[in-house]
Every structure is written in structure tokens, then in C-alpha cells.
Amino acid sequence: MEAKSDTSLFIYHHGAEIAYLLLYVDDIVLTASSESLLWWIIASLQQEFAMKDLGALRHFHGVTVEPHPTGLLLHQRQYTLDILERDGMTDCKPCSTPVDTQGKLSEAGAPQ
Amino acid sequence: MEEEYTVLLANQTWDLVPRPWGSNIVTGKWIWTHKRRADGTLERYKARWVLRGSTQRPNVDYDETFSPVVKPAIVRTVLLLALTRGWPVHKLDVKNAFLQGVLTKTVYCSQPAEFVDSSRPDMVCRLNKSLYGLKQAP
Chain S
1 MEAKSDTSLF IYHHGAEIAY LLLYVDDIVL TASSESLLWW IIASLQQEFA MKDLGALRHF
61 HGVTVEPHPT GLLLHQRQYT LDILERDGMT DCKPCSTPVD TQGKLSEAGA PQ
Chain G
1 MEEEYTVLLA NQTWDLVPRP WGSNIVTGKW IWTHKRRADG TLERYKARWV LRGSTQRPNV
61 DYDETFSPVV KPAIVRTVLL LALTRGWPVH KLDVKNAFLQ GVLTKTVYCS QPAEFVDSSR
121 PDMVCRLNKS LYGLKQAP
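Sequence lines, in order, name chains S and G. Numbered by my numbering, the letters in the first sequence go through residues 1 to 112 in order. Numbered by my numbering, the letters in the second sequence go through residues 1 to 138 in order.
One chain only, chain S, in its complex shape:
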């Protein structure tokens, strides 16, 4: 059902219908060109193995996905808070760290 292009990206192509499936160990992000195709794929996968549909994507891989009027906001606020909590640093005083906020992306290579 899925064609391979990246080791963790699977693409389904049938006529005008397209679906992309990202697989990270046991986490799946699925998007499809129509609701019906989405449900059909979820149902097919559930026949193969036990799987839970967690609804619209909110978190993936430590990244929070938040709908925004102009798009999607991807941030790691919760991930950062979890780290602070784990290390007992939630009450620590914040301190500004100088960092380049004017960085420009170029075609040659994006800063990682």
C-alpha cells in the first residue's frame, strides 16, 4: 500500500488521492487528501495491528503542534518545561543569553 522514498516516510498515491504517513518507531503521523481516505487507511492499519487513533496531531517527537490563524505553530515549550521539571530547575531564575536573532537562511545551507 505504501511506496518508500525516505526510510520513515510512506506515500500512498491512487488517482487524485494522496496520503503521507510518517513513522517514528510506534508513533504515526498520517495525513490524506480526503477524510474518507484517512479513515480507510486507519481502518486498514487497525486490521493489521492494535493501534489507537489519537485524533488531530498535537504532539510529535517532543514538538507541540498548535493551530495558528496564519498556519501551524511548532514549538517545544512543553518539552523544555519537562526537562526543567525533571532536573528540578522550574524555580531557577531565567537569564538572557545573547544569540543571533538576525540569522538569514541561504540556499547554500540552513543553520542546524
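It is worth saying that the hints were derived from the structure and are not from the lab. Check each hint, because a few of them may be wrong.
[As the list claims (entries may be wrong)] No farther apart than 20 Å at their CA atoms in a straight line, the calculated lysine-lysine pairs in the PhoX-like style are these:
{"#": "1", "chain 1": "G", "residue 1": "K46", "chain 2": "S", "residue 2": "K52"}
{"#": "2", "chain 1": "G", "residue 1": "K95", "chain 2": "S", "residue 2": "K52"}
{"#": "3", "chain 1": "S", "residue 1": "K52", "chain 2": "G", "residue 2": "K91"}
{"#": "4", "chain 1": "G", "residue 1": "K35", "chain 2": "S", "residue 2": "K52"}
Using the hints, position chain G against chain S.
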């Protein structure tokens, strides 16, 4: 712990076999974690039977290791495509993902502590499915 053991049995994770001569028996142990709700209160304890992958021998118990890692750029690209086309994006969670894979190499491990079959205590588990901690675990 009972629950985890029940799932392991239901998945036919292993067959109990007499200890084979000269073969490596991978050892394991129970790992306990606390599952907390979003507000931090304790929901339940979770037990997991994990194998000590470091007691596996290369070429005998496993050949190649491979980590399926999704590149952040790919995630953003897919999200962007879905967003611009107004597609629904869903998150799905595979239950007991590690138990879904089928092993190609024969791996033996000891019976889970405290769940040793009293009628066959000398037998070992011949794994059919991958387990946590194994080199073959995804």
C-alpha cells in the same frame, strides 16, 4: 506486570523450549516506570520485561542494527503540504510496537522473573517476536 505478561503471551512472543546446548541465553529484567497523568498525579505503575541486549553476540544473535529515525525536515515538509492543502492530520499510536516485529534470527532468553513456569522451570523462551532491549528492537 500481570498485564504486560498477558500481552506477551497473547502475542505468542515466545515458545518454551528445553535449554539448547551451546546457545546463548539472553538475560532480562523487569523495569518499573511510573505513568503520570497530565497534572502529575500517579496514574499507575507500568512494568516492562526487557532483555539485556548487551548479552547478545554479533552474527549469532543479530546481524545488522538499524534505527528508523524521522528527519525533522521531512516532518515539517509533510505538515506544510497538509496545511497548504487543508488536509486532516492525525496522530496514531501503535500498541506494543516492539512486539509486532517478527524475528529472523533465533534468540533464546530466560523466562521472566516471577513468571517462571513452575512445571517447566528449566526451559527457556525461544523468541518469535522482538522484545524491548534486544538489538533487533526498532
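Checked hints:
1. Annotation: proposed proximity of K46 (chain G) to K52 (chain S) holds, straight-line Cα distance about 18 Å (limit 20 Å).
2. Of the supplied pair hints, the one linking K95 (chain G) and K52 (chain S) holds, its CA atoms being roughly 7 Å apart against a limit of 20 Å.
3. For the hint linking K52 (chain S) to K91 (chain G), the alpha-carbon distance of about 9 Å falls within 20 Å, and the restraint holds.
4. At roughly 18 Å between alpha-carbon atoms, K35 (chain G) and K52 (chain S) fall within 20 Å of each other, so this suggested pair holds.
The structure is consistent with each of the numbered hints, conforming to all of them.
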